[in-house]
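Protein chains in written order, with my numbering: chain P, 1 to 266; chain R, 1 to 278.
Since the hints were derived computationally from the structure, they do not count as laboratory data. Any given hint could be a false lead.
In silico EDC-like pairs for lysine to aspartate or glutamate, Cα to Cα no more than 20 angstroms straight-line [claimed, not checked]:
no., chain 1, residue 1, chain 2, residue 2
1, R, Lys-62, P, Glu-128
2, R, Lys-54, P, Asp-43
3, R, Lys-53, P, Asp-123
4, R, Lys-54, P, Asp-170
5, R, Lys-62, P, Asp-123
6, R, Lys-53, P, Glu-128
7, R, Lys-48, R, Glu-97
8, R, Lys-48, P, Glu-128
9, R, Lys-13, R, Glu-32
10, R, Lys-183, R, Asp-231
Some chain P residues close to chain R (C-beta under 8 angstroms, calculated; not the full set) [stated by the list, open to error]:
no., residue
11, Gly-141
12, Ala-158
13, Thr-162
14, Gln-167
15, Val-195
16, Val-238
Here a beta-carbon is modelled for each residue, glycine too, at the ideal position from N, C-alpha and C.
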Amino acid sequence: MNTMQFILVILVALICGMASVLDERQFHRPLVACTLIGLVLGDLQTGIILGGQLELIALGWMNVGAAMAPDSALASTISAIIVIVGHQSIGEGIAIAIPLAAAGQVLTIFVRTITVFFQHQADHFAAEANFRGVEWCHIGGLLLQGLRVAIPTGAVAAIAGTSLVSQWLDAIPTVITHGLQVSGGFIVVVGYAMVINMMKARALMPFFFIGFTLATFMTGINLVGLGILGACAAVIYVQLNPDFHDSIKAPAAATNVGSDDDDVLG
Amino acid sequence: MTEVKKVESLTKKDIINTYFRSTFMLGSFNFERMQAIGVAVTMIPAIKRFYHKKDDQAAALKRHLEFFNTTPWPASAIFGVTAAMEQKKAESGDIDEAAITNVKIGLMGPLAGIGDPIYWGTARPILAALGASLAISGSILGPLLFFFGINIIRFLTRWYGFKVGYNQGTDIVQDVAGNRLKKLTQMASVLGLFVMGSLVSKWTSIKMPLVLVSYKQAGKVVDTTMQSILDSLLPGLVALLMTFACMWLLKHKVNAIWIIFGMFVVGILGYWAGIFGL
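Next comes chain P alone, as it looks inside the complex (with noise of 0.2 angstroms):
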């Protein structure tokens, strides 16, 4: 990795630190991130896979409410660097993954601690009325969901050419990465479940069930033809739902059907 190489990997560190705060414009996807980090080290093949790769993963993450997700900023660029540069596979990359979005996740809770600091800074400027004070207060906040993935980046990136990397990943005895690439074939279901549970639907779990039936008997179809009949049956479900016939219903009787059960599996 030349010096030009370890600026910009992290610039995009940074920027994948804030985005995963902001959660806005995505660059802290996987798909994203690695992907732009196999394009600053010249590997650009190898960042779409394991970026591919660990978006199935990390499919249902995601924060709602005040609950967090885990970090898919740092796995995806450490994992990066540590598969590319220091020529691991794409399994030891997602294996590697895993307990890096767990350190993200314990680094993202500290910042935000931290930025409570900003906020009562913030309530002092507007008292003054003053913009460009409260304004600054806000970047801080969001340069420091930066930094607290730039610098775990820059310092993997800084060793992960050398020996010690290789030597430290090859020390891990067979059974445990064999181990764990068997688990990462089932893991995907934490954040399908993540999903789930949030929807808050238990009404429409049997549109669950068709999907996984038609999926697993119908051999040969892909995820678009899924997606059309997924679309189809809730464009269905709607037309037929009497919930939505205001002129057939009272108004008073309609109860709706998302909201009051939140209990998926009792």
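Let chain P serve as the given structure and place chain R on it in line with the hints.
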């Protein structure tokens, strides 16, 4: 009655400025008042346009530094409504501070109820799944499709959300509670759950090569593995059960990261014991 002052509406430039600021609204997320500073920073162009006295500006800033937390993208609609109310307040002063805060707080919950299933539960996972399926084979189309797809949806939500909110003002409250958005949310939930169901089957790989019974038939050894028994029952059954286990654990407030580590332990022990195979 207070006299009605002439207050300029937001200009096109103000609206663009507000949009740009709104895309950074979560930057200073903190555990005390969550998205509060981001809301104040987003409202600054409107505050500057409507209020010219220092005291009024300070009061408005303070108002928007109150606790705020909702799904970020559709929050722009709330900003639109808030801007419309601020303008009315600046004009006649007969809207009190509490009314603005109440509308903001009142819209936060219902909007998250619509926004979370539509954006985090349906749009992003489906685009990400589609992108990832292309990316796994090394195609640059995967990340591009995801990045541009999701950003177009995000931009349209923010841009038109603010416009509709600003133009309709408090009338939007009926929209949020009305059937049209409920329909949309239900549609998103059906599609989201359908796709999640198909992913549980399609994108998990669990191999269980453990031989349970071995017998000789016509000189050949025939092995009955755990896999073949489960497959004859229902392929993907183990993944389905694991999904339900995760849902149950998440429901009981177990942190996702612990579940993930737990699954690693299951994978390693299972591989070591020969239950799971690569």
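Each hint tested on the structure:
1. R:Lys-62 with P:Glu-128: Answer holds: Lys-62 of chain R to Glu-128 of chain P is near 10 angstroms, not above 20 angstroms.
2. R:Lys-54 with P:Asp-43: With Cα atoms ~55 angstroms apart, Lys-54 of chain R and Asp-43 of chain P exceed 20 angstroms; violated.
3. R:Lys-53 with P:Asp-123: holds, 18 angstroms
4. R:Lys-54 with P:Asp-170: violated, 64 angstroms
5. R:Lys-62 with P:Asp-123: Since the Cα atoms of Lys-62 of chain R and Asp-123 of chain P sit roughly 7 angstroms apart, the hinted pair holds (cutoff 20 angstroms).
6. R:Lys-53 with P:Glu-128: Holds, at roughly 12 angstroms.
7. R:Lys-48 with R:Glu-97: holds, 17 angstroms
8. R:Lys-48 with P:Glu-128: Holds - the C-alpha atoms of Glu-128 of chain P and Lys-48 of chain R are around 14 angstroms apart, at most 20 angstroms.
9. R:Lys-13 with R:Glu-32: violated, 32 angstroms
10. R:Lys-183 with R:Asp-231: violated, 38 angstroms
11. Gly-141: holds, 3 angstroms
12. Ala-158: Result: violated, 26 angstroms to nearest chain R Cβ.
13. Thr-162: Not OK, violated: Thr-162 of chain P not within 8 angstroms of chain R, min 27 angstroms.
14. Gln-167: violated, 22 angstroms
15. Val-195: holds, 5 angstroms
16. Val-238: holds, 5 angstroms
Consistency with the previously given hints fails for numbers 2, 4, 9, 10, 12, 13, 14, ordered from lowest to highest.
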